[in-house]
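K.L.:
For reference, the chains in residue letters:
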Amino acid sequence: MNPNWAEENLQTIRTLMERSAVYRRALAPIMLLAGVLGVVAAAIGLLLPVETYCGFLILWFGTALFALAGAFLIARRQALRDKEPFWSPPTRRVTQALVPPFAAGLCLGLLPVFFGPSEIAATVALVWILFYGFALHAAGFFMPRGIKVFGWLFIASVCLLVYGTAAEWIDLENKAHWLMGFFFGVLHLAYGAYLYLTEKGKNAA
Amino acid sequence: MNPEPFLQLDRVIHEKGRLAIMSMLAASPELSFTELRDALAMTDGNLTTHIRALQQEGYVAVAKSFQNRRPLTTCSLTAAGRKAFDEYINLLEQIVRQTKK
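Those sequence lines, one after another, are chains L and W. All residue numbers for the first sequence refer to this note's numbering, where the first residue is 1 and numbers rise by one. All residue numbers for the second sequence refer to this note's numbering, where the first residue is 1 and numbers rise by one.
Source of the hints: derived by calculation from the structure; they are not laboratory data. This structure is a prediction, so every number in the text was calculated from the model and none was measured. Just to be clear, a hint being listed does not mean it is correct.
Claimed, not checked - Now the in silico label distances, taken between C-beta atoms and shown as ranges:
| hint | chain 1 | residue 1 | chain 2 | residue 2 | range |
| --- | --- | --- | --- | --- | --- |
| 1 | L | Ala104 | W | Thr78 | 39 to 47 Å |
| 2 | L | Glu18 | W | Lys64 | 25 to 33 Å |
| 3 | W | Lys83 | L | Tyr194 | 41 to 49 Å |
| 4 | L | Tyr196 | W | Val62 | 32 to 40 Å |
| 5 | L | Tyr163 | W | Pro71 | 51 to 59 Å |
| 6 | W | Leu7 | L | Thr12 | 18 to 26 Å |
| 7 | W | Arg70 | L | Thr15 | 25 to 33 Å |
| 8 | L | Tyr163 | W | Leu72 | 46 to 54 Å |
| 9 | L | Phe86 | W | Lys101 | 44 to 52 Å |
| 10 | W | Lys100 | L | Leu160 | 45 to 53 Å |
| 11 | W | Lys101 | L | Glu18 | 26 to 34 Å |
| 12 | W | Ala80 | L | Ala156 | 43 to 51 Å |
What the hints assert, rightly or not - From the derived model, a few chain W residues whose C-beta atoms are all more than 12 Å from chain L:
| hint | residue |
| --- | --- |
| 13 | Val12 |
| 14 | Arg52 |
| 15 | Gln55 |
| 16 | Gln56 |
| 17 | Gly58 |
| 18 | Val62 |
Said to hold, decoys possible - Taking lysine to aspartate or glutamate pairs in the EDC-like style, the calculated list, with each CA pair at most 16 Å apart, reads:
| hint | chain 1 | residue 1 | chain 2 | residue 2 |
| --- | --- | --- | --- | --- |
| 19 | W | Lys100 | L | Glu8 |
| 20 | W | Lys16 | L | Glu7 |
| 21 | W | Lys101 | L | Glu7 |
| 22 | W | Lys83 | W | Asp10 |
All residues carry an ideal CB built from backbone N, CA and C; glycine is no exception.
Pulled out of the complex, with its shape left as it was, chain L reads as follows (with noise of 0.2 Å):
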């Protein structure tokens, strides 16, 4: 017998309760259409244009509850699908992750309606930005390995920026939608098409 029989079983018996604990549902059409309608709604953003800081406001938030509707919808419909509850024990663990992170975005955006000034849709963006990152990256403890590294995108994405502002690299004034449009749509519609060819037979949600 193999003497290492007892120790690779304590890895499998890991492996298995690892696996029993991720978050399984497809993300391909989740991130697609969360990158679709961050597109979208930039587009409007800059061509109206929306100036005003409540305009972006409503805009971004919008594009937000649509996103999160959606992306409730895709997984109830794969659970149902795939016969499984969908308000299961991965699920909500991912819930309590993201939570966090949105209630202080949500928290921070609203600030400047209230103390102004509010021409700071670029910053608030970048916190935006930087929060969704954090939600990513908590969330991605219970979820495949690449979505922390999706996190990670963004957190050092808006360091850099931050850093590229402070030295007048680059300006960042009426950028706002860009800003808003380059990560939450485009970087979507890229992960959500790796995904896309990565997950093997898990995204006719």
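Model the placement of chain W on the given structure of chain L, informed by the hints.
P.N.:
What follows is chain W alone, placed relative to chain L:
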């Protein structure tokens, strides 16, 4: 090497398929039959046989319900099952420690 811990290993849990089921259930309050089947790549018949054996031993509880008019079978560990699983893990760790000595 002292064979004592090996002889104490629970034969019901020690079987590969049943150990996999117990491991999955130990990390989650409950799992549906399809979740277990897909995660462990087992056939319906194979999984049913293993679950029945674990149920007979009092390690696993099976609940049948309906979700959106479809039958839903969920499995969970019983208190006895969790205790037996913990003891099994402790024995394995003991064996690993002995092997390393």
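K.L.:
Where does the structure disagree with the numbered hints, that is, which hint numbers, in rising order?
P.N.:
The structure conflicts with no hint, since it agrees with every one listed earlier.
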